[in-house]
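Q: The lines below spell out each chain.
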Amino acid sequence: MVIDLDRCTGCGACSVACQAENNISFKPDESNKLRSITWMSLYQLNNGGSYPDYKYSFLPRPCMHCDSPHHSPCTFVCPVNATTRDEHNGIVTMIYPRCIGCRYCIVACPYHARNFNWWDPKWPEPMESMLSPEVSTRMRGVVEKCTFCHHRLLAARSKAYKDGTDPDKATYTTACADACPAKAIAFGNLLDPHAEAGKLSKDPNAFQILKKLNTDPKVYYISTQDWIKKLSDNAVT
Amino acid sequence: MDRALIPAGLKRCSLPVFGLWVLLLLGVIGWGVFAGGVVLLKALNVTGLNDYFGFGAYITADLAIIALGAGAFFSGFLYYGLSRFFPSLKELGKLINLAVVVGFVCYTGALAVLVLEIGQPLRGWFGYWHANVHSMLTEVIFCISCYAIVLIIEYVPIIFENRKLSEVKPIKVFGHSMHDIMAIFALTGTFLSFFHQGSLGGVAGVLFARPYAYRAGLFIWPWTFFLFILSAIASGPAFTALICGTIEKVSRKKLVDRSVYELIGKIEGVLLGIYVVLKIADTAYWGFVQSPGLGLKLGDFYWGPYGIWLLIAEIGICGVLPAVILLSPSARKNNFLLFGAFLLDIAGVSLNRFVMTIPAIAAPVMPFDKWQVYIPTVYETAPILAMLAYCTLIISLSYRYLPLFPREKELNRA
Chain F
1 MVIDLDRCTG CGACSVACQA ENNISFKPDE SNKLRSITWM SLYQLNNGGS YPDYKYSFLP
61 RPCMHCDSPH HSPCTFVCPV NATTRDEHNG IVTMIYPRCI GCRYCIVACP YHARNFNWWD
121 PKWPEPMESM LSPEVSTRMR GVVEKCTFCH HRLLAARSKA YKDGTDPDKA TYTTACADAC
181 PAKAIAFGNL LDPHAEAGKL SKDPNAFQIL KKLNTDPKVY YISTQDWIKK LSDNAVT
Chain B
1 MDRALIPAGL KRCSLPVFGL WVLLLLGVIG WGVFAGGVVL LKALNVTGLN DYFGFGAYIT
61 ADLAIIALGA GAFFSGFLYY GLSRFFPSLK ELGKLINLAV VVGFVCYTGA LAVLVLEIGQ
121 PLRGWFGYWH ANVHSMLTEV IFCISCYAIV LIIEYVPIIF ENRKLSEVKP IKVFGHSMHD
181 IMAIFALTGT FLSFFHQGSL GGVAGVLFAR PYAYRAGLFI WPWTFFLFIL SAIASGPAFT
241 ALICGTIEKV SRKKLVDRSV YELIGKIEGV LLGIYVVLKI ADTAYWGFVQ SPGLGLKLGD
301 FYWGPYGIWL LIAEIGICGV LPAVILLSPS ARKNNFLLFG AFLLDIAGVS LNRFVMTIPA
361 IAAPVMPFDK WQVYIPTVYE TAPILAMLAY CTLIISLSYR YLPLFPREKE LNRA
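Protein chains in written order, with our numbering: chain F, 1 to 237; chain B, 1 to 414.
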């Protein structure tokens, strides 16, 4: 995934689309952001300057599906293999009925991309009848996170199989990329030099967050603003 | 009323006094069990944990109590394993029963708290069924539960020494037979314990995307793996000795020779000294070499309530100071200094477990992230206090009804 921060307006459509697509539950009071479940979080960044030098930007943050060698930070630590990286497509997935809720993966993730179900999932009437049948809901006491709309990949592969084409070459987009009105999110195979995401990830202004930690995120950001690039990684000053 | 159960020739406080003490402990346990029940019923949302603090008071308490319970395996290792080469270690036999009881309560108490810690307690067994061999937590799950079983096996023959139980011949024979093979269990426990004390350190040390906790290491083991083992054996026997000293104070009896305390002080002094030197080296490498490579400097890891005082308290006041005291033969002869050093040693190791759990994840990693502060709720503190009350209760019952100290009768002959 490649997210162009210069295009992002911070409208939150990606986050809302993700919420609806993936049956993410919510409570009447979501004021405690440290306990609200959001697979696609929106950070507001600023350059720390004062008016008129003040600059700001928004940074949507899905799961980074880290490509670090051997294991992602979270998959490395899960004691029950409830979260694993599919080496075929690079997506870090969750097996909810296997998760024991130890939250070691939450601790391991430096991007805060994982959420714990602190409550039983609930939706106000009549939203329960509007849940997507493609995505399983999660029970209390387990961890959940962005799956890069893995169910869409499965649907695309099934369609390719039915159409008699190679399922491994099936393409799809995520709900957040679909919903972005500014077309700031590009999704595709980073290894494919012809795919848009593959091309954008090679852009001279493309960068990863916390590159120094060797997590090798599969989410790239693009910005022409140097102060944003500087904010992408810690630098000893 | 319960005189028939008290070991022959030993004096204990009256039953009503003991009953009141037990009632008090049961009250605390009841409070903790109620709080734990609420956690299981209403889920972890009643705690102070959140998506920033995946680990909190439960894990800190577990890490600390397991480190302090290391007295069981390490004393066993010294007594059953090394005393044939170093006869002076035979002195530890006078304290070995208490060490087993302390280990037993620490481990079983920690396991009980762990049940509350996981979001899906009924799936706890998945750790065995779907084990991820790369996860340090898998190693912890396997070793702690296996070692808890070993501790039960070690505790049972001590229970069988109860005056009434030992009147039953099959029980007496069984207990004695178990005593004969106890060295095997003690050494099995040593093997398991070295691993899980280390893997508890590995839990933090392998977090390669968390610069505060992450440490380089040897092969698959981060340095914290070795530091946790060393700190556990440098504090576990001190904890056992401190408990023994406390029982002596409360019961106003002599339970072991003073030479035992001095021997433990000497052993702990050496181990703590080595640990402190290695910990300082580790901290220096982490703060001045490793972290700058990850874009952070030492000062970035300390803020607000999680300030640099933690480092000073852990390594200086509760590390260097007790090590110096315990390494000094004249200081070891002074009760205040000896037990004060034990207390500081224990506080330092507990503080280390706290630092590697809570401030380690309170520190922001993304540059645009912010520090957060974790405050546990009563649903976390009550079960932890109940665990401590449970430990105290079992130790109290064991002291009253079991011949824990072989020299007690002799030492208290008027």
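One or more hints might be untrue.
As the list claims (entries may be wrong) - Cross-link-like lysine-lysine pairs, in silico, DSSO-like; alpha carbons within 30 Å at most: (1) B:K370 with B:K11; (2) B:K42 with F:K230; (3) F:K27 with B:K42; (4) F:K211 with B:K254; (5) F:K122 with B:K42; (6) F:K212 with B:K297; (7) F:K55 with B:K297; (8) F:K230 with B:K297; (9) B:K254 with B:K90; (10) F:K211 with F:K33; (11) F:K27 with F:K55; (12) B:K370 with F:K55; (13) B:K297 with F:K33; (14) F:K202 with F:K230; (15) B:K297 with B:K164; (16) B:K254 with B:K409; (17) B:K42 with F:K33; (18) B:K11 with B:K249; (19) F:K229 with B:K333; (20) F:K230 with F:K211; (21) B:K254 with B:K333; (22) F:K202 with F:K229; (23) F:K212 with B:K370; (24) F:K229 with B:K90; (25) F:K27 with B:K370; (26) B:K370 with B:K164; (27) B:K42 with F:K211; (28) B:K11 with F:K33; (29) F:K199 with F:K55; (30) B:K90 with B:K297.
Derived by calculation from the structure, the hints in this document are not laboratory data.
Keep in mind it's a predicted model, so treat the numbers as computed, not measured.
Q: A separate judgement is required for each hint: does it hold in the structure or not?
A: Consistency of the hints with the structure:
Annotation: proposed proximity of K370 (chain B) to K11 (chain B) is violated, straight-line Cα distance about 59 Å (limit 30 Å). This hinted pair does not check out: K42 (chain B) and K230 (chain F) have alpha carbons roughly 43 Å apart, beyond 30 Å. As the CA atoms of K27 (chain F) and K42 (chain B) are separated by approximately 15 Å, the hinted pair is consistent with the 30 Å bound. Taking the CA atoms of K211 (chain F) and K254 (chain B), the gap is about 61 Å. The hint is violated against a cut of 30 Å.
Restraint check: the Cα-Cα separation between K122 (chain F) and K42 (chain B) comes to about 14 Å, which is no more than 30 Å; the hinted pair holds. A C-alpha spacing of about 14 Å is found between K212 (chain F) and K297 (chain B), which places the hinted pair at or below 30 Å, so the restraint holds. Distance check on the hinted pair: K55 (chain F) and K297 (chain B) sit about 26 Å apart at the alpha-carbon level, within 30 Å; holds. Between K230 (chain F) and K297 (chain B) the alpha-carbon distance is near 16 Å, which keeps this suggested pair within the 30 Å criterion.
In summary, the hint linking K254 (chain B) to K90 (chain B) is supported, as the alpha carbons are separated by about 19 Å, within the 30 Å threshold. Only pairs whose Cα atoms come within 30 Å are accepted, and K211 (chain F) paired with K33 (chain F) is accepted, the gap being roughly 26 Å. Among the hinted pairs, K27 (chain F) with K55 (chain F) is inconsistent with the structure: their alpha-carbon atoms are about 33 Å apart, more than 30 Å. Note on K370 (chain B) and K55 (chain F): the hinted pairing holds, with a Cα-Cα distance of about 19 Å set against a maximum of 30 Å.
At most 30 Å may separate the alpha-carbon atoms for a hinted pair to count; K297 (chain B) and K33 (chain F) meet this at roughly 28 Å. The straight-line distance between the Cα atoms of K202 (chain F) and K230 (chain F) is roughly 18 Å, inside the 30 Å bound, and the hint therefore holds. A hinted pair counts as satisfied when its Cα atoms are at most 30 Å apart, and K297 (chain B) with K164 (chain B) does not qualify at roughly 63 Å. As the CA atoms of K254 (chain B) and K409 (chain B) are separated by approximately 9 Å, the hinted pair is consistent with the 30 Å bound.
Distance hint between K42 (chain B) and K33 (chain F) is fulfilled; the C-alpha atoms sit about 20 Å from each other, no more than 30 Å. Restraint check: the Cα-Cα separation between K11 (chain B) and K249 (chain B) comes to about 15 Å, which is no more than 30 Å; the hinted pair holds. Only pairs whose Cα atoms come within 30 Å are accepted, and K229 (chain F) paired with K333 (chain B) is rejected, the gap being roughly 61 Å. Using a Cα cut-off of 30 Å, the hinted pair K230 (chain F) and K211 (chain F) holds, with the two alpha carbons roughly 12 Å apart.
Proposed proximity of K254 (chain B) and K333 (chain B) is supported: the alpha carbons are some 16 Å apart, at most 30 Å. Pair hint K202 (chain F) plus K229 (chain F) holds up; C-alpha atoms about 15 Å apart against a cutoff of 30 Å. Of the pairs offered as hints, the one joining K212 (chain F) and K370 (chain B) holds, with about 19 Å between alpha carbons and a cut-off of 30 Å not exceeded. As the CA atoms of K229 (chain F) and K90 (chain B) are separated by approximately 64 Å, the hinted pair breaks the 30 Å bound.
In summary, the hint linking K27 (chain F) to K370 (chain B) is supported, as the alpha carbons are separated by about 24 Å, within the 30 Å threshold. Only pairs whose Cα atoms come within 30 Å are accepted, and K370 (chain B) paired with K164 (chain B) is rejected, the gap being roughly 61 Å. With a CA separation close to 40 Å, the supplied pair K42 (chain B) and K211 (chain F) exceeds the 30 Å bound. For the proposed pair K11 (chain B) and K33 (chain F), the alpha carbon gap of about 59 Å is over 30 Å, so the pair is violated.
Between K199 (chain F) and K55 (chain F), the direct Cα distance comes to roughly 28 Å. Compliance with the 30 Å bound is thereby established for this hinted pair. Restraint check for K90 (chain B) and K297 (chain B): not satisfied, since their Cα atoms lie roughly 48 Å apart, outside the 30 Å limit.
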